[in-house]
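The lines below spell out each chain.
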Amino acid sequence: MSLALSSTLLGAGAPSAAEGFTPPGPGDFNLPPVGPDQTFMFLGQEMYLGVTKPMLQLVLAAGLVFWFFYAASKKRAMVPGKLQYVGEGGYGFVRNSIGRDIIGSRDFMRFVPYLFALFFFILLNNFFASIPFIQFPTFSRSGMVYSLALMSWVIYNAVGIQKHGFAGYIKLQTVPAGIKGPMLLLLVPLEAMSNLLVRPVTLALRLFANMLAGHLLLILFALGGEYLLLHGAMLVKPVGILAWVLFIAISFLELLIQFLQAYVFVLLNAMYISGALADEH
Amino acid sequence: MELTGSMNMIGYGLAAIGPGVGIGLIFAAYINGVARQPEAQGRLQSIAILGFALAEALAIIGIALAFVL
Numbered sequence: 001m002s003l004a005l006s007s008t009l010l011g012a013g014a015p016s017a018a019e020g021f022t023p024p025g026p027g028d029f030n031l032p033p034v035g036p037d038q039t040f041m042f043l044g045q046e047m048y049l050g051v052t053k054p055m056l057q058l059v060l061a062a063g064l065v066f067w068f069f070y071a072a073s074k075k076r077a078m079v080p081g082k083l084q085y086v087g088e089g090g091y092g093f094v095r096n097s098i099g100r101d102i103i104g105s106r107d108f109m110r111f112v113p114y115l116f117a118l119f120f121f122i123l124l125n126n127f128f129a130s131i132p133f134i135q136f137p138t139f140s141r142s143g144m145v146y147s148l149a150l151m152s153w154v155i156y157n158a159v160g161i162q163k164h165g166f167a168g169y170i171k172l173q174t175v176p177a178g179i180k181g182p183m184l185l186l187l188v189p190l191e192a193m194s195n196l197l198v199r200p201v202t203l204a205l206r207l208f209a210n211m212l213a214g215h216l217l218l219i220l221f222a223l224g225g226e227y228l229l230l231h232g233a234m235l236v237k238p239v240g241i242l243a244w245v246l247f248i249a250i251s252f253l254e255l256l257i258q259f260l261q262a263y264v265f266v267l268l269n270a271m272y273i274s275g276a277l278a279d280e281h
Numbered sequence: 282m283e284l285t286g287s288m289n290m291i292g293y294g295l296a297a298i299g300p301g302v303g304i305g306l307i308f309a310a311y312i313n314g315v316a317r318q319p320e321a322q323g324r325l326q327s328i329a330i331l332g333f334a335l336a337e338a339l340a341i342i343g344i345a346l347a348f349v350l
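Quick note, the sequences are listed as chains A and B, same order. In this text, residue positions in the first sequence follow my numbering: the first is 1, and each later residue adds one. In this text, residue positions in the second sequence follow my numbering: the first is 282, and each later residue adds one.
Since the hints were made in silico from the structure, they are not lab data. No residue lacks a Cβ here, since even glycine has one placed at the ideal position from N, Cα and C. One or more of the hints may lead you astray.
Unchecked claim - Short, incomplete list of chain B residues facing chain A, as computed with Cβ under 7 Å:
id: 1; residue: Leu331
id: 2; residue: Gly332
id: 3; residue: Ile342
id: 4; residue: Ile344
id: 5; residue: Val349
Said to hold, decoys possible - Which bits of chain A does chain B cover? Going by a derived footprint, with three or more residues having C-beta under 8 Å, they are:
id: 6; segment: 198-210
id: 7; segment: 257-270
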C-alpha cells in the first residue's frame with residue numbers, strides 16, 4: 001500500500017527533492033534489537049540474540065511500578081507523607097472505583113492485586129510513548145497486548161468455572177436470561193462466540209490499535225511537517241508549520257488516550273470478572 | 282489532477298461514520314443525564330467513559346487495519 005502525494009496535487013510546482021514522501025507505516029514499529037546482530041536457531045525458528053527496546057521497556061515499567069509502590073508503602077505511617085499519600089490515592093482509585101464498584105463489595109478483594117498491578121503497568125507503558133528519549137508505546141507491539149488479554153481471559157474463565165462448575169459456567173455465559181424456544185438456537189452461538197471468543201480479542205485489539213494509531217499519527221505529523229517544510233514550495237511551507245502545531249496538540253490528546261485506554265482495559269477486566277461471578281438468573 | 286492511494290483509506294473514512302454517530306449519542310445521553318440531575322455526574326461518568334471506549338474501539342480498529350492491510 002503506498003500513498004504518494006503527487007506534485008500536481010500540491011499545485012504550486014514540483015517539490016525540489018525527487019524522491020517524494022514515503023509515509024510511515026507499521027513497519028516503523030519493528031525496532032532493531034539491542035545487542036549483537038546475530039541470530040540463533042531455536043526449535044526450527046530463527047531468533048535474535050539481543051533484546052529489543054520494547055522488551056526493555058516492559059522490564060523497566062515493571063521495575064518502576066514495583067519500586068514506586070514499594071517505596072510508597074514502606075513507612076506505613078498513620079498520617080501519610082506525600083509519597084504514601086500519592087501511592088494510597090492510586091491504589092484507592094483502582095480498589096474503590098474499579099474493584100468495589102464493579103465487582104461488588106463481597107469478593108472484590110481477591111482481584112484487586114491483579115487489577116491494580118495491571119492498571120499501573122499498562123499506564124506506565126502507555127506513558128512511555130510521551131516520555132522523551134523513550135517515546136515508544138510498548139503496547140503498539142501486538143504480542144505484548146495479546147499476552148495480557150490471554151491472562152485476563154484465563155482469569156475470568158477460571159474464576160467462573162471455579163464458582164459455577166464447567167457446565168454451569170458455560171450456561172451462564174451463553175444462555176441469556178428469559179429467552180425460550182427457537183430464539184435460543186440463534187442466540188446461543190452468538191453469545192458463546194461473543195462472550196468466550198471475541199472478548200479477549202477486542203480487549204487486546206482496542207489497546208493495541210489505540211497505541212499504534214496514536215503513535216503512527218504523531219510520526220506522520222512530524223515527518224510530514226518536515227517534508228513539507230524542506231521540500232514544499234513556498235506557499236506550502238506554512239502547512240508544514242501547521243503539521244507541527246497539530247503534532248503538539250495531538251500529543252496532548254495522546255496523553256488523555258493513554259490514560260483512558262489503561263482505565264478501560266482494567267474496567268472491562270473487572271466487568272468480565274463480575275460477569276463471570278454473577279449469580280444465576 | 283492525479284490522486285494515487287489505496288482503498289484502505291476510503292474504507293476507513295466510511296467506517297468512521299458509525300463510531301462518530303455512536304459516540305455523539307453516548308455523550309448526548311450523558312449530557313442530558315447530568316443536566317437533569319447534576320448529582321449523578323460521578324455515577325454517569327464512568328458509564329460514559331466505558332461506552333466511549335467501546336464505540337471508539339471500532340474506529341481505532343478501522344484505522345489500524347487500514348494501515349496494516
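### Query
Can the segment 198-210 of chain A be counted as covered by chain B under the rule of three residues or more with Cβ-Cβ separation shorter than 8 Å?
holds (count 6)
### Query
Given isoleucine 344 of chain B was flagged as interface, is its beta-carbon under 7 Å from a beta-carbon of chain A?
holds, 5 Å
### Query
Hint check: is the beta carbon of valine 349 of chain B less than 7 Å from a beta carbon of chain A?
holds, 5 Å
### Task
With a C-beta cutoff of 8 Å, work out whether three or more residues of the segment 257-270 of chain A approach chain B closely enough for the coverage to hold.
It holds, with 6 qualifying residues against the three required.
### Task
Would you check whether isoleucine 342 of chain B satisfies its interface hint, that is, whether its CB is within less than 7 Å of any CB in chain A?
holds, 5 Å
### Task
Tell me if glycine 332 of chain B is really an interface residue toward chain A, meaning its C-beta lies closer than 7 Å to one of theirs.
violated, 10 Å
### Query
Taking the least C-beta to C-beta distance, is leucine 331 of chain B closer than 7 Å to chain A?
Holds. Min distance 6 Å.
When each numbered hint is compared with the structure, a violation occurs for hint 2 only.
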